[in-house]
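Residue numbers for the sequence shown follow our numbering, beginning at 9 and rising by one.
Simulated from the structure, these hints should not be mistaken for lab results.
Quantities reported herein were computed from a predicted structural model and do not represent experimental measurements.
Positions of the beta carbon are idealized from the N, C-alpha and C atoms, including for glycine.
Just so you know, not all the hints are guaranteed correct.
[Unchecked claim] Here are the simulated DSS-like pairs of lysine-lysine, each with C-alpha atoms no more than 27 Å apart in a straight line:
1. K429 <-> K393
2. K177 <-> K228
3. K295 <-> K281
4. K295 <-> K217
5. K228 <-> K107
6. K558 <-> K541
7. K296 <-> K313
8. K555 <-> K541
9. K88 <-> K258
10. K385 <-> K354
11. K333 <-> K369
12. K88 <-> K37
13. K258 <-> K205
14. K205 <-> K261
15. K107 <-> K261
16. K313 <-> K369
17. K34 <-> K119
18. K369 <-> K393
19. K310 <-> K333
20. K310 <-> K295
21. K217 <-> K47
22. K146 <-> K119
23. K555 <-> K532
24. K333 <-> K313
25. K119 <-> K107
26. K310 <-> K296
27. K228 <-> K295
28. K313 <-> K258
29. K393 <-> K430
30. K188 <-> K147
31. K188 <-> K228
32. K555 <-> K498
[Claimed, not checked] Derived CB-CB ranges, DEER-like:
33. K228 <-> T90: 22 to 30 Å
34. K88 <-> R137: 44 to 52 Å
35. R494 <-> D551: 20 to 28 Å
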Amino acid sequence: MKSVFLSLLFTFFALGAQAQSANVQKVSKSVFSLTTFKKDGSLLASGRGVFVGAHGEAVSTWTPFIGADSAIVIDANGNKHTVDVIYGASEVYDLCKFKVNAITTPAPVAKAQSAVGSRAWLVQYSTGRAQTNALKVKKAEPFMTDCHFYQYDGQPENIHVGCPVANEKGEVMGLLQYSKLSGDYNSVDVRFAETFKTTGLSVNEPILKQTTIRMALPDKQDQALLMLMLEAGQTSASRYQRYVEDFIHKFPKSVEGYVSQAEFYLARNDFGKANATMQTALNMADKKDEAHYNLAKLIYQKEVKQGNMPYPQWNLDLALAETNKAYALNPLPLYKHLEAQIIYFKGEYAKAYDQFMALTKTNLRNGELYYEAAQCKQQLKAPFKEILTLLDSAVTAQDISLSAPYVLARGTALHAAQQYKKAMADYNRYDTLMLGRASHDFYYTRALCEVQLRQFQQALNDFAHAIVLNREEPTYYAELAQLQLRVNQKEDAVVTADMGLRVAPNYPDLYLIKGLALVNDNKKAEGLAALNKAKELGDTRADDLIKKYK
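My request is simple: use the sequences and hints to build the entire structure.
Dropping the structure here:
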């Protein structure tokens, strides 16, 4: 009787152990190996992780991704999948969440905290029979309200950091990590990775910039569009194209994705694909008026910037027709504005002027409309006073902080009309509005105006400023050296000319100015040598100067 009882008891424990093992073994179907690669395709790092979703959502340690250009995972069935996008990461907890494009087997995630002293199981990656190692919970602490942090007793052999630790129910508690500082094995709740969500500004997060693998588009359309806009200037063409494709797939009724894709093709002179993309937008987008408007805008941009590259299907008349369709669906002044710009580009300046001025009486009223009207008047050879009146309106049409482009335009017009004092007032005002951070060509232009006003020291400073901002333009060196010679700074003129010649060794003006500076500094032989070099380079003025100083 006693032996029968013991036999039944052993059978009971065996069944319990087998059931426990079966739950844990199921987790092994969700474990994968991770391999990351550098940009040149060479191996970077490897690790482990676990699938937590049925559509490729996965969690692993973050460290292997640092410096990675691409990554693959191999699942328990031996299938290889490329890491598609990253949702987010934490350097503090060395955890990240990403996605592969595959149907995957997710492991159940533990929600309840495991007690200190309870048994846990490390589930290793294997394409065959499940491999597990027993651990014991030494420490259990809550963090971030619902998540748990664990430390374990146990020194399993051939351990792989990043493999999941499961409780006896076969629920994943976290990914195993090793602390070099304390010598402990620990894990962070995989549910912490559920908090990793991208926003439009995620492209600027330093941690995610440590890899060139794409980020997942945010779920909210406005945030996804912001990410798309920011990535346009920061990433490679192929990576940006993937973002655009993701956006279209995620928001197929939104016109913005199609426009971004069409602009991508337009920039590469692939007008056929750009047109096909916008035809899809006309069929798919909810807001048909926006689709017609953006098609018209793309055609207009192509004709303005790439007009020398024929594409018979697109022309300005079609662009006008598309703006009319957009306006018929939704009478926005914005659509009439594009129509006026197209009319201007066709050379119908009087008609364009009337339309620009009509728009100043709508809620679209802004400085750009008055500025464009001024351009029409200029093309029509109108009196300068009429042009200036429109530029005055362009400046005052909005808050002064937003008026910088029109202040500069008015200053440039006054400069061309030889009204140098008024032009200088606008140039100085523009520089103030730009907080002293204007472009190199602005400081060069202001210096030319200062020379006309005999404000030589200010002009010297502005020419030098232009050079600092653009050291590759030889004209700036020539103008500065010429002015230095004019104000009797002969040695400085030679130094400036030499600096310019290092940038442009065959620029004759610099040799001419250098030669004059040297001759006037009683260095006749060197000066004549420089003048002869200017003559060799084709400067017709040099011959008379050589005869004069020989």
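A quick look at each hint next to the structure:
| no. | hint | result |
| --- | --- | --- |
| 1 | K429 <-> K393 | holds, 17 Å |
| 2 | K177 <-> K228 | violated, 36 Å |
| 3 | K295 <-> K281 | holds, 21 Å |
| 4 | K295 <-> K217 | violated, 35 Å |
| 5 | K228 <-> K107 | holds, 18 Å |
| 6 | K558 <-> K541 | holds, 15 Å |
| 7 | K296 <-> K313 | holds, 26 Å |
| 8 | K555 <-> K541 | holds, 14 Å |
| 9 | K88 <-> K258 | holds, 25 Å |
| 10 | K385 <-> K354 | holds, 15 Å |
| 11 | K333 <-> K369 | holds, 22 Å |
| 12 | K88 <-> K37 | holds, 14 Å |
| 13 | K258 <-> K205 | holds, 16 Å |
| 14 | K205 <-> K261 | holds, 23 Å |
| 15 | K107 <-> K261 | holds, 24 Å |
| 16 | K313 <-> K369 | violated, 30 Å |
| 17 | K34 <-> K119 | holds, 18 Å |
| 18 | K369 <-> K393 | holds, 22 Å |
| 19 | K310 <-> K333 | holds, 19 Å |
| 20 | K310 <-> K295 | holds, 23 Å |
| 21 | K217 <-> K47 | holds, 14 Å |
| 22 | K146 <-> K119 | holds, 18 Å |
| 23 | K555 <-> K532 | holds, 12 Å |
| 24 | K333 <-> K313 | holds, 24 Å |
| 25 | K119 <-> K107 | holds, 22 Å |
| 26 | K310 <-> K296 | holds, 21 Å |
| 27 | K228 <-> K295 | holds, 18 Å |
| 28 | K313 <-> K258 | violated, 31 Å |
| 29 | K393 <-> K430 | holds, 14 Å |
| 30 | K188 <-> K147 | holds, 17 Å |
| 31 | K188 <-> K228 | violated, 40 Å |
| 32 | K555 <-> K498 | holds, 21 Å |
| 33 | K228 <-> T90: 22 to 30 Å | holds, 26 Å |
| 34 | K88 <-> R137: 44 to 52 Å | violated, 21 Å |
| 35 | R494 <-> D551: 20 to 28 Å | holds, 22 Å |
When the structure is compared with the earlier hints, violations turn up for hints 2, 4, 16, 28, 31 and 34 and for no others.
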